[in-house]
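Let's have the full structure, built from the sequences with the hints guiding it.
There are 2 protein chains.
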Amino acid sequence: MLPTPEPERQDATWLAGAEVAIVGLGLMGGSLAGALRGAGAAPRACRRVVGIVRRAETVAAAGPWVDTATADLAAVGTADVVILAVPPRTILQLLPIVAAQMRPGALLTDLGSTKSAIVEVMSSSPAGLLLAGGHPMCGKEAGGLAAADPQLYRGAPYLICPVPSRPAAAVAHTAALARALGAQPRVLDPATHDQLVAAISHVPYTGAVALVLAAAQLDAPTGGAIWELVAGGFRDTTRVAAGELDMWIDILLTNRAEVLAHLQRLTGVLTTLATALAAEDTAALGAALGAAQERRRRLFRA
Amino acid sequence: MLPTPEPERQDATWLAGAEVAIVGLGLMGGSLAGALRGAGAAPRACRRVVGIVRRAETVAAAGPWVDTATADLAAVGTADVVILAVPPRTILQLLPIVAAQMRPGALLTDLGSTKSAIVEVMSSSPAGLLLAGGHPMCGKEAGGLAAADPQLYRGAPYLICPVPSRPAAAVAHTAALARALGAQPRVLDPATHDQLVAAISHVPYTGAVALVLAAAQLDAPTGGAIWELVAGGFRDTTRVAAGELDMWIDILLTNRAEVLAHLQRLTGVLTTLATALAAEDTAALGAALGAAQERRRRLFRA
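Chains A and B, in that order, are what the protein sequence lines are. To convert, note that position 233 of the first sequence is 233 in my numbering; the numbers rise steadily by one, no gaps. Each number in my numbering comes from the position in the second sequence (counting from 1) with 1000 added on.
Just so you know, these hints were derived from the structure itself, not from any lab. Since the structure is predicted, the reported quantities are computational estimates derived from the model, not experimental observations. Think of the CB as a built atom: it goes at the ideal place given N, C-alpha and C, for glycine as much as any other residue. Any given hint could be a false lead.
[As the list claims (entries may be wrong)] Now the stretches of chain B that chain A is said to cover, found in silico as 3 or more residues with beta-carbon under 8 Å:
#1 1153 to 1160
#2 1239 to 1248
#3 1295 to 1301
This is the structure:
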């Protein structure tokens, strides 16, 4: 089991009094803002939510989701918590700029889907800042503030990567934030994180893209007939291929080594399956398909 | 567009007076039986539904789904329609045995997920029988009569493969059967069928199996931590891997050439994606991911 930080009363108290600045109000940032301000039976979790968006035109659209919206990044200067809710390569660019403007003792964290590169940049932030990498394992294909939902985080694993030689309060505070969203905080190191999410998320996405593109090779030869046959199986196996492009390009590029390593594992298994099928080796085929079936049924009990 | 047979009054009339024997009462056969006997607002579609099961012990369980249940295959002798609702390799074994016992003018069809091998065996059935291959594109992971649902076929494409040099009434009658289930009949030849379902269903299944087995390689090294991270994306991309083993082994073995050909297309695309990622070729990567996103969003509008 991955360790879960013990909930401490002082972390919840700290959050209740905090001004939280969220940089980026897309699906993840907008949903986070809505959850912190309270939704349904859940009470407001912090003192103030400030949304920081890139363009002045989008400040108005952000209105209903935050206490204050601004296009001025300098607003991070008064925050007790700053959460970077932008794609991973933008996080890497913004980290030094934002860290330089924050007040000592404040917490800087992020929602990026890859962690090694981000935590490495975090490591060179000014002393006195609290720092922790974050990755809530939730989302959906539709992106943008229009798709935001304060319930999005509920029940999701919220992975937290400590930044070496930074105060442990950073992890405890980030865990309090995760709990306020209804998510389940779990702590692990960035290298393990990136290896595991490559297998659980990034390579499954790449596989879904490949399934769509391979099927598309039969589009012209069949006069489009192939798309009339798509059923529930294809819908589910390829759903993630519809996800936000900017985010996925950033994810693959910032987790390149682990994605490539796991793609090798995947093509290795595909080759093994193809070899068994070509040889009509029913025993080997049945053993492999049976192991996958058993594991999948045990994972989700459905 | 794949052709749809015109609905003819005489086909519906024929079905209304028919005794339908279903060989195999699992998920597909049981759901079919329930739909033919009428469910919800839908009226009964045929005169009599006979369920033929393998074991005498399961005759009782079949009771609520059919008008008569029996373990005696000779019951096909009085039927106007016989539907083989068993896995593909069992269909291949049963076809000559069942065909030899049927009365002239009756319709013999099946629900198998692969069609070339089955239609070839159908071709050597006794003259005077109506024959057509069938493949309703629906299902779910839970198998067996316990999971049966008379609504299962509603809205699904129901693919029909003509058997060369057999009367066209076989296709028209099978289309009437599909319509009685609420499905959408579409006609195509067995070779095209097998090529397309390899791309839309069989290789996506194989890919889901490979994703589960590749992730499982990280089980021991991470002390099982990998399974704590699984989120909605992994759940959906691997759902089909939980499907019924006997059916999937039969599907892959009876569509071997097309599955192997499409696995080559898939690994070709995966290699292209890996090459672009390894080279940090953002333009090539973005073009491929963007094409898949656009196609997927257009297909399902969600």
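Each hint tested on the structure:
| no. | hint | in the structure |
| --- | --- | --- |
| 1 | 1153 to 1160 | holds (count 3) |
| 2 | 1239 to 1248 | holds (count 7) |
| 3 | 1295 to 1301 | holds (count 5) |
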